[in-house]
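The chain contents come next:
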Amino acid sequence: MVKKIAERGYIFLILALMYLPIIMVIVFSFSGSSRFTFTDGFTFDSYVQLFTAAPQKLWDSLVNTVIIAVVSSVAATAIGSVAAVGIYNMKPRSRRIVENVNQLPIINSEIVMAVSLMLFFATLRIENAYVRLILGHITFCTPYVVLSVMPRLMQMDPNIYEAALDLGASPVKAMIKVVVPYILPGVLSGFAMAFTISLDDFIITQLTKGASSGVDTLSTYLYSSLRTAGGMRPYWLPVFSIIIVAVVGIVLLINVRSYKKEGRKKEKNNEKSR
Amino acid sequence: MKAKEFFGKGISKIKNFRLTRRVFAYPYVLFMLAFVVAPLIILLVNAFLDTEGGFTFDNFKSFFTDDVSLRVLGMSLAVGVITTVLCLVIGYPVAYILSKWSSGSIIVLLIILPMWVNFLIRTYALKSIFDSLDVTLGIGTVIVGMVYNFIPYMIMPLHTTISNIDPSYAEAAKDLGCNSVQTFLRSTLPLSIPGILSGVTMVFIPTISAFAISGMLSNNTVLMFGDSINLRFTHQLYGTGSVMSLIMLAFVLILNFFMNRANKGEAPRNVW
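If you read the sequences in order, they're chains A and B. Quick note on numbering that gives the first Met the number 0: the first sequence kicks off at 0 and runs consecutively. Quick note on numbering that gives the first Met the number 0: the second sequence kicks off at 0 and runs consecutively.
I should point out that these hints are in silico values taken from the structure, not numbers from a laboratory. Note that the structure is predicted; figures quoted are calculated from it, not measured. Mixed in with the good hints, there may be bad ones.
[To be verified] Here are the simulated DSSO-like pairs of lysine-lysine, each with C-alpha atoms no more than 30 Å apart in a straight line:
id	chain 1	residue 1	chain 2	residue 2
1	B	Lys-99	A	Lys-259
2	A	Lys-260	B	Lys-263
3	B	Lys-60	B	Lys-173
4	B	Lys-263	A	Lys-3
5	A	Lys-3	A	Lys-259
6	A	Lys-172	A	Lys-90
7	A	Lys-2	B	Lys-99
8	B	Lys-173	A	Lys-260
9	A	Lys-90	B	Lys-99
10	A	Lys-176	A	Lys-259
11	B	Lys-99	B	Lys-263
12	A	Lys-260	A	Lys-172
13	A	Lys-176	A	Lys-260
14	B	Lys-173	B	Lys-263
15	A	Lys-176	A	Lys-90
16	B	Lys-173	A	Lys-2
17	B	Lys-173	A	Lys-3
[As the list claims (entries may be wrong)] Some chain B residues near chain A, calculated using beta-carbon distances under 10 Å:
id	residue
18	Ile-89
19	Ile-105
20	Pro-166
Note that the Cβ used here is the ideal one computed from N, Cα and C, for glycine as well.
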């Protein structure tokens with residue numbers, strides 16, 4: 000009994016500590032200052048400031064973030080999903096090599112990826128910041144798409160595809176009518192992952208955008224504000240709060256849905272094994 | 000006639016489509032060669048180039064003889080080890096307790112959820128908490144920040160591994176006369192080593208290569224190896240910067256090698 004209470008207390012403590020900083024951000028976004036103090040009492044000033052007095056640069060960086068995330072995650076999803084089908088059908092040896100290289104951007108530390116891409120773009124004299132950023136983002140997003148489509152392909156019974164061919168479907172048609180719908184859940188979750196990772200990225204964006212390009216995403220603009228004296232204006236806390244609520248909400252929604260689905264699947268399996 | 004032949008060839012190609020579905024992978028293979036492999040080769044080449052573009056070992060020499068660089072590396076490794084140990088000590092009980100709960104995986108999800116918020120925001124929040132508590136920023140706050148940022152990477156693989164341990168091992172140990180401590184030490188703990196290794200790798204690597212976190216949490220008095228690499232490149236010192244990146248890459252590859260070897264023995268889970 001004591002043990003149970005201690006265990007619950009410990010888990011609760013860890014959960015509380017994980018959430019404390021981000022809850023503080025939301026609480027103090029109503030303080031009217033960028034620091035964690037309530038000198039002026041409860042106020043919406045920071046929110047008003049965000050929508051009336053925030054610099055244009057903030058909105059530009061938001062637009063850049065979204066454009067880069069949309070373009071690179073759509074491209075990564077297309078390249079990755081098609082590639083997964085191809086990799087799945089490769090011979091074991093070449094398949095293993097390709098899968099290992101696919102793993103590289105995931106296991107590699109971000110800073111190494113970032114400087115290697117920076118050197119690469121500098122060597123090839125690719126100057127346009129958007130081109131650099133989109134190519135860079137596709138590079139680290141695509142492996143996640145491949146990894147999320149692959150399990151669906153492995154679960155798929157190859158007989159289904161062959162049955163479609165036997166019933167007179169052309170390979171292309173069988174592909175579109177059978178394989179694509181089957182892997183679609185994997186494609187969609189790969190897309191969601193690519194989109195979030197791209198939105199969230201800071202290190203690779205910061206190093207590959209080019210120092211003098213003047214193009215900023217939300218995270219790099221935040222970083223430069225953090226580093227300039229007086230750059231942390233009160234409107235940043237509302238920005239953080241909105242991001243926190245949005246991110247937590249979306250991730251929770253996606254996971255609760257997949258969790259429910261999994262639960263249903265497990266129940267079915269249990270019935271079967273009985 | 001020729002057109003017909005050509006057409007026929009095309010058709011037979013399409014008929015062989017199933018066999019050649021692997022061509023779907025080729026665009027991505029080319030893409031990876033261009034944007035993953037080639038940049039790393041350029042990095043390798045740059046490590047051996049002097050400022051005039053000639054071949055040299057000086058970059059290695061200047062890194063390994065420079066006290067400041069070596070001290071940053073040593074400091075990063077120390078912070079990395081302390082952070083990893085703290086994550087393991089704090090995270091293992093979490094994963095262990097949650098593996099026994101039916102609601103365990105939901106709670107793991109809740110624990111890792113804040114990780115999806117950008118690390119700059121979380122680090123700023125942590126720094127503001129330290130500021131309002133009048134905690135002096137320094138190596139201690141850096142370590143707290145690293146643990147806060149990376150502990151989800153420890154809990155996740157540990158929870159997966161521990162949850163997948165067949166409970167009959169622990170039962171067998173108990174039947175053979177082990178008390179609960181012995182059961183844990185002799186059965187659960189050894190069986191969770193693959194998870195421990197994954198967690199260690201996933202915490203240690205991002206900690207030593209961290210960028211921006213330690214600067215924010217120490218008023219730029221503590222630098223991690225990642226910050227140091229970035230500084231080289233912003234000061235146009237491509238040669239030593241490349242050498243340091245290669246050292247970082249070596250850490251990544253070595254740790255992942257051991258991690259994969261430990262995880263290989265793991266049988267495919269729950270096939271039946």
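Cross-check of the supplied hints:
The hinted pair formed by Lys-99 of chain B and Lys-259 of chain A meets the criterion: a straight-line CA distance of about 20 Å does not exceed 30 Å. For the suggested pair Lys-260 of chain A and Lys-263 of chain B, the alpha carbons sit about 29 Å apart, so the restraint of at most 30 Å is met. A distance of roughly 57 Å separates the Cα atoms of Lys-60 of chain B and Lys-173 of chain B; the hinted pair therefore is violated under the 30 Å criterion. Simply put, Lys-263 of chain B and Lys-3 of chain A have alpha-carbon atoms about 35 Å apart, too far for the 30 Å limit, and the pair is violated.
Restraint check for Lys-3 of chain A and Lys-259 of chain A: the C-alpha separation of about 27 Å stays at or below 30 Å, so the hint holds. Annotation: proposed proximity of Lys-172 of chain A to Lys-90 of chain A holds, straight-line Cα distance about 24 Å (limit 30 Å). Taking the CA atoms of Lys-2 of chain A and Lys-99 of chain B, the gap is near 13 Å; set against the 30 Å cutoff, the hint holds. Distance restraint check for Lys-173 of chain B and Lys-260 of chain A: the Cα-Cα separation of roughly 36 Å exceeds the 30 Å cut-off, and the hinted pair is therefore not satisfied.
A threshold of 30 Å between alpha carbons decides the hint, and for Lys-90 of chain A with Lys-99 of chain B the separation of about 41 Å lies outside it, so the pair is violated. A C-alpha spacing of about 27 Å is found between Lys-176 of chain A and Lys-259 of chain A, which places the hinted pair at or below 30 Å, so the restraint holds. Distance check on the hinted pair: Lys-99 of chain B and Lys-263 of chain B sit about 25 Å apart at the alpha-carbon level, within 30 Å; holds. Restraint check: the Cα-Cα separation between Lys-260 of chain A and Lys-172 of chain A comes to about 29 Å, which is no more than 30 Å; the hinted pair holds.
Restraint check for Lys-176 of chain A and Lys-260 of chain A: satisfied, since their Cα atoms lie roughly 23 Å apart, inside the 30 Å limit. A distance of roughly 28 Å separates the Cα atoms of Lys-173 of chain B and Lys-263 of chain B; the hinted pair therefore holds under the 30 Å criterion. Taking the CA atoms of Lys-176 of chain A and Lys-90 of chain A, the gap is about 25 Å. The hint holds against a cut of 30 Å. Between Lys-173 of chain B and Lys-2 of chain A the alpha-carbon distance is near 19 Å, which keeps this suggested pair within the 30 Å criterion.
A hinted pair counts as satisfied when its Cα atoms are at most 30 Å apart, and Lys-173 of chain B with Lys-3 of chain A qualifies at roughly 20 Å. Using the Cβ-Cβ criterion of 10 Å, the hint placing Ile-89 of chain B at the interface with chain A is satisfied: the shortest such distance is roughly 7 Å. Satisfaction of the interface hint for Ile-105 of chain B is found here, the shortest Cβ-Cβ separation to chain A being roughly 7 Å, below the 10 Å cut-off. The interface hint given for Pro-166 of chain B is violated, since its Cβ lies 17 Å from the closest Cβ of chain A, which is over the 10 Å cut-off.
Checked against the numbered hints listed earlier, the structure breaks hints 3, 4, 8, 9 and 20; every other hint is satisfied.
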